[in-house]
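*Asks:* One-letter residues, chain by chain:
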Amino acid sequence: MRMNTRTLSAAVFAAVLLVSVAGCKKKAPAPAPPPPAPPPKVEEPPKPPAVRIDSFTAEPRSIERGQSATLRWSVANATDISIDQNVGAVQANGTRQVFPSDSTTYTLAATGPGGTDSRSVTVDVSSPPPPPPPKAPPPKISGAEMLGREAQDAYFDYDKSDIREDARQVLTRDADLLKRIFAGDPNFTVVIEGHCDERGSAEYNLGLGDRRATAAKDFLVQLGVPSDRLKTISYGKERPVCTEANEECYQRNRRAHLSPGQ
Amino acid sequence: MKTKLTAVCAVAVALFSAGALLLTGQEIRGTITQGERPSIAVPDFRGSGDAQRVMNTFNETLWNELANSGVLSMRAKSMYSIDVPQQPSDFRPPTTSPPLRRGEAPRTVRNGPWLTDWSGPPVSAAYLAFGYTAVQGGRLVLFGWLYNVAQPDPASAQVIGKLYFGSVDNEGAKNVAREFAADILRQFGAQSLAGTKIYFVSDRTGYKEIWSMDYDGSNQQQLTNYKSTSSMPAVSPDGSLFAFTTYAQGNPKIMVYSAQTRKRLPFYNPVSSMVATPEFTADGHILFSAAIDRWAQICIANGDGSQMRRISNVHAIEVSPRVNPKTGRDILFISGRSGGQQLWRMAMEGTDLERLTSGEGDVANPSWNPNGQTIAFAWTRGYEPGNFNIFIMDIAKREPIQLTQNSGRNENPWWAPDGNHLVFSSKRGSTTQIYTMLADGTNVQRLTTQGNNTQPVWAKGIN
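Chains as they are written, first to last, in the numbering used here: chain A, 1 to 262; chain B, 1 to 463.
A hint or two may mislead.
To be verified - In silico BS3-like links for lysine-lysine, alpha-carbon gap of 30 Å or less:
{"hint": "1", "chain 1": "B", "residue 1": "LYS227", "chain 2": "A", "residue 2": "LYS231"}
{"hint": "2", "chain 1": "B", "residue 1": "LYS460", "chain 2": "B", "residue 2": "LYS227"}
{"hint": "3", "chain 1": "A", "residue 1": "LYS160", "chain 2": "B", "residue 2": "LYS427"}
{"hint": "4", "chain 1": "B", "residue 1": "LYS162", "chain 2": "B", "residue 2": "LYS77"}
Claimed, not checked - Selected chain B positions facing chain A (in silico; Cβ < 8 Å):
{"hint": "5", "residue": "THR277"}
{"hint": "6", "residue": "VAL314"}
{"hint": "7", "residue": "ILE317"}
{"hint": "8", "residue": "GLU360"}
{"hint": "9", "residue": "ALA364"}
{"hint": "10", "residue": "GLY386"}
{"hint": "11", "residue": "GLY408"}
In case anyone wonders, no lab produced these hints; they're calculated from the structure. Idealized CB from N, CA, C, for every residue including glycine.
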């Protein structure tokens, strides 16, 4: 029934309208209808602000392969922000470290109600020079080398095997050296050679050289050098370091000398 | 007056000094010959036929053997009669003729060689060696005689009359001369050195090796070849073994060899940083110095090194043990027990210790005379350290006699088996060489030339 009413209203309205039109035509011009009422004044909805990419940079712009560059961006008014080259969606402000293997252009795309925007930045990648050869490991100094370089001879008085004051100092340094060498090489042994100047007899000097080597060994052992790493040998006057007949040369030959063991 | 007194004093001092020197000289000589040396004339021998070709060698060898023995006074050949006998039948007694004028003494008429040609002036010899050689049956035969020319006739003058045989060459001539000389020397209580050997150390190959040579420097032979340092040789009293100290296996050790085969024999060294200065005893033991308890000490062991026993026990260096060849009971050795390097003596058991040198200087290398009474050693007494000289000393008298002086560094004296000679090493130029001399310091002869030659040991040869 309700539908009927509506249909009726429409019909009436149509009739009226028809009459009106007919009447106009047939009759003298009728007064102009009032202008349509102005549409009710409604506020135009505000236009959405434009998407704005404030910055999109790569730092540094050029790198060598294997190095990294940092992308840095700042975007306003965007709802979806992404960077291609598999970087993916990102926040409005941020940084991202990238490791391009070749020169690559990164495009930042921003979309928002106010539109879209994009900006690109290119990171140039150059091939690095061939890597330098691997550095040689720091040279490992052998115990024998250290001994030869750093050990000092202990000197003695004529026909004596007492450890003199200067020999004490030398042997104390030698003891430290030996401990370092032994710590670095558990198999290293040292031979303490006893030597004499040429003046005594060959026979007695053999005993004297043995005595000097033993005295030097005893001193080193007292300072904590393990005695089982030290051997002694007397060379008497068989192996002089000089042969001049003067006290300077005699003194150089009256010595205990450290040499690597077998 | 005062001047005169001073002069008198000076003369007195000079006379006294001269007397002292003379006395010393006699003592030295006495050590060798116990008296005046007998004089001998040794005219050149001649050979018949082919034998003459080797007579230069023969005569040189015979002369040197006798001259170098030190027991004979050789009468100079320039004084000899030209009428030299070659066999006993050559002697012709002089005859006496009446004087030509009345009142003069009867004349002595010379009929040929005679004893007085040699016993009288200018030769004035006590002995005459003569003879000749010939080739018989392919052999060189020496007919040799020794006459005591003080006797009145040849029959009573003959001391030696003997045949000697050798090959018909220089070697054979040398051998028969040596045998004849040995027989002559034996008459005077002296021993020929022929056949004896001198062991020594030579570096002529670039390494110190043990060598041997004949007593006169001939026949030098290398005995070891370790290309290391081998030194300090010793020889057993019978000459059959030699030992030495060597670095061939690292630390100094002793090795023992057969002199005959020149092969190494077993010798077990004690565990020690040093085993050195070997010495053989007559009863087959070996003495040596070994570092025991931090000091080189005198030790004794069996001939193979077993059952080692320490003899000395002191905190001092002790080396060079030398056992008395006569008694086998006491040992000379070098010890630092009183400070310095001095000569000591002790009994085999290490008891009865006594120092034989004064404490001055350094002493080294003791050696026994075969008589077990006289010793030789090197000493720096009166000189700077290292300036060794050769001394000999009667062990009872304790009066050292210096044999070398102002002739380089002299070491390692060793008595010859004859007890009259010494061999020693001396550095008289840039190298050290081996020399022999008589025990009075005379008749010095150099035996070596190549490289440095040291530490001689004079030993009996082996047959």
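*Asks:* Tell me if the straight-line CA distance from A/LYS160 to B/LYS427 falls inside 30 Å.
*Replies:* 26 Å, holds
*Asks:* Need the status of pair B/LYS227, A/LYS231: alpha-carbon distance at most 30 Å?
*Replies:* 23 Å, holds
*Asks:* Does the CB of B/VAL314 sit less than 8 Å away from some CB of chain A?
*Replies:* With a closest approach of 12 Å, the B/VAL314 hint is violated.
*Asks:* Just to be careful: measuring from the Cβ of B/GLY386 to every Cβ in chain A, is the smallest value less than 8 Å?
*Replies:* Hint holds; B/GLY386 Cβ to chain A Cβ min 3 Å, cut 8 Å.
*Asks:* Quick check on the hint: B/ILE317 CB to chain A CB, less than 8 Å?
*Replies:* Interface hint status for B/ILE317: holds (4 Å vs cutoff 8 Å).
*Asks:* Minimum Cβ distance from B/GLY408 to chain A below 8 Å?
*Replies:* 12 Å, violated
*Asks:* Sort out whether B/LYS227 lies within 30 Å of B/LYS460, counting only the CA atoms.
*Replies:* 27 Å, holds
*Asks:* Answer holds if the nearest beta-carbon of chain A is closer than 8 Å to that of B/GLU360; otherwise answer violated.
*Replies:* Where the cut-off is 8 Å and the nearest Cβ of chain A is about 14 Å from B/GLU360, the hint is violated.
*Asks:* Given B/ALA364 was flagged as interface, is its beta-carbon under 8 Å from a beta-carbon of chain A?
*Replies:* 3 Å, holds
*Asks:* Any CB of chain A closer than 8 Å to the CB of B/THR277?
*Replies:* 5 Å, holds
*Asks:* With the threshold set at 30 Å, check whether the alpha-carbon distance from B/LYS162 to B/LYS77 stays at or below it.
*Replies:* Status holds; Cα separation ~23 Å.
Of the numbered hints given earlier, the model fails hints 6, 8 and 11; all others are met.
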